[in-house]
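Using the sequences and the hints, build the whole thing.
Using this note's numbering, the letters of the sequence shown correspond one by one to residues 37 to 217.
These aren't lab readings, by the way, just hints derived from the structure by calculation. Worth double-checking, as some hints may not be accurate.
Beta-carbon label-pair distances, calculated as ranges [what the hints assert, rightly or not]:
hint, residue 1, residue 2, range
1, Asp172, Thr83, 14 to 20 Å
2, Thr78, Thr177, 39 to 45 Å
3, Asn138, Gln208, 27 to 33 Å
Straight-line C-alpha distance at most 27 Å; calculated BS3-like pairs for lysine-lysine [said to hold, decoys possible]:
hint, residue 1, residue 2
4, Lys77, Lys143
5, Lys157, Lys136
6, Lys110, Lys161
7, Lys170, Lys156
8, Lys106, Lys161
9, Lys143, Lys110
10, Lys156, Lys193
11, Lys216, Lys170
12, Lys193, Lys170
13, Lys106, Lys136
14, Lys77, Lys110
15, Lys110, Lys157
16, Lys156, Lys106
Beta carbons: idealized from backbone N, C-alpha and C, even for Gly.
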Amino acid sequence: MAQKADEKPKSSISMSDTQFKELLTTVMTGISSASPTRTSKTFTSCTARFSGIRESSQVESFLAAVNTFKEVEKLDDALALAGLPLILTDDAAIWWQGSKDNVLTWKDFTDRLRSTFAPKKMAYKIYQEIIEIKQDSQTPTEIFVAEKRALLAQLPKPTHSDQQQIDLVFGQIRFEIREKI
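Rendered as structure tokens:
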């Protein structure tokens, strides 16, 4: 086969099996030390923050965000717990300083955060909120229904069927919207 003018001549190298294994080990060591490891990740790039507001929907929203971040970034429990000061602010940060020595797992953290900042409401209070608060003219229907669904999610098991949930919420929607449905 003729060699093109701009191509360099190919050369071959001869190595013993031992030399090849040493070269391969050196190359692999260099690659593994140069590539960043997943275990060095923390919550530094997580945008979720929790200030300690005592509202169930805020707590659940925060936990959904950080649980997803933790899963995607493959953070183990120890690294996630160590990184909490990066995402907890105000009252939540103060609470964490007093609680961190007793929290050993991520599940323990989420359970304690919920019990501290989003204590379970009694079912009758949730039903009262669902029924008493009617949609005002400033609240879009999508937002209103989402808020009601968040309340329904707080009810103890067994959950209501979809039809029962619709029946509970439908009467609270503005009359002009109900007429169109």
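Quick rundown of the hints versus the structure:
1. Distance hint check: the CB atoms of Asp172 and Thr83 are about 31 Å apart, inconsistent with the given range 14 to 20 Å.
2. The hinted range of 39 to 45 Å is satisfied by Thr78 and Thr177, whose Cβ atoms lie roughly 40 Å apart.
3. Against the hinted window of 27 to 33 Å, the Cβ-Cβ separation of Asn138 and Gln208 comes to about 42 Å, which falls outside the hint.
4. Between Lys77 and Lys143 the alpha-carbon distance is near 19 Å, which keeps this suggested pair within the 27 Å criterion.
5. For the proposed pair Lys157 and Lys136, the alpha carbon gap of about 26 Å is at most 27 Å, so the pair holds.
6. A threshold of 27 Å between alpha carbons decides the hint, and for Lys110 with Lys161 the separation of about 38 Å lies outside it, so the pair is violated.
7. Among the hinted pairs, Lys170 with Lys156 is consistent with the structure: their alpha-carbon atoms are about 23 Å apart, no more than 27 Å.
8. Proximity of Lys106 to Lys161 is assessed by CA-CA distance (about 33 Å); at most 27 Å being required, the pair is judged violated.
9. A threshold of 27 Å between alpha carbons decides the hint, and for Lys143 with Lys110 the separation of about 15 Å falls inside it, so the pair holds.
10. A hinted pair counts as satisfied when its Cα atoms are at most 27 Å apart, and Lys156 with Lys193 qualifies at roughly 13 Å.
11. Between Lys216 and Lys170 the alpha-carbon distance is near 17 Å, which keeps this suggested pair within the 27 Å criterion.
12. The hinted pair formed by Lys193 and Lys170 meets the criterion: a straight-line CA distance of about 25 Å does not exceed 27 Å.
13. Between Lys106 and Lys136 the CA atoms are separated by roughly 18 Å; this keeps the pair inside 27 Å, and the hint holds.
14. Distance restraint check for Lys77 and Lys110: the Cα-Cα separation of roughly 8 Å lies within the 27 Å cut-off, and the hinted pair is therefore satisfied.
15. About 33 Å separates the Cα atoms of Lys110 and Lys157, which puts this hinted pair outside 27 Å; it is violated.
16. At most 27 Å may separate the alpha-carbon atoms for a hinted pair to count; Lys156 and Lys106 meet this at roughly 25 Å.
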